[in-house]
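Produce the complete structure using the sequences and hints provided.
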Amino acid sequence: MLVGSAILTAPTLTPLALAVLLGAGGTGGGIYGIVVARRIWKLNLDLADRACYVVLPILAYAAIAAAALVGSWAVAWTFDTLAVSLVLILIVGMRNAWDMATFMITRDRE
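Quick note on this note's numbering: the sequence shown kicks off at 159 and runs consecutively.
These are calculated hints, taken from the structure and not from any lab test.
In this text the structure is predicted, and so the values were computed from the model without any measurement.
Note that beta-carbon positions come from the ideal geometry of N, C-alpha and C, so glycine has one too.
Cut-off 25 Å, straight-line C-alpha distance, at most; resulting in silico cross-link-like pairs (SDA-like, lysine to any residue):
(1) 200 to 185
(2) 200 to 190
(3) 200 to 247
(4) 200 to 251
(5) 200 to 260
(6) 200 to 220
(7) 200 to 267
The calculated label-pair distances, taken between Cβ atoms and stated as ranges, are:
(8) 208 to 172: 38 to 46 Å
(9) 201 to 167: 36 to 44 Å
(10) 194 to 167: 23 to 31 Å
(11) 208 to 230: 30 to 38 Å
(12) 241 to 182: 17 to 25 Å
(13) 267 to 237: 42 to 50 Å
(14) 168 to 201: 32 to 40 Å
(15) 248 to 193: 18 to 26 Å
(16) 245 to 192: 19 to 27 Å
The following block contains the structure:
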């Protein structure tokens with residue numbers, strides 16, 4: 159979220175450099191999401207946890223990578239997609255942090 163916002167505010171980036179940076183970030187985030195998905199999917203989690211830990215982040219990073227690919231000919235769609243994806247990553251990250259904090263507080267201390 160923060161890195162994506164910093165990339166978008168850099169005034170000296172060319173469209174090609176912007177596409178490469180966003181494409182690399184989206185692809186890297188998607189690959190990391192798949193690695194996390196392989197670990198998370200084995201656990202006994204409910205649908206909301208699976209969606210917020212696995213599905214939504216992968217979709218958001220895939221949308222960032224797709225926006226980087228079509229950035230040169232669909233500029234309005236690209237920035238709208240980037241905005242929605244970055245906000246989704248922010249909201250899912252806050253939800254996951256809250257979920258982890260409540261888990262740590264309410265677990266049994268043995």
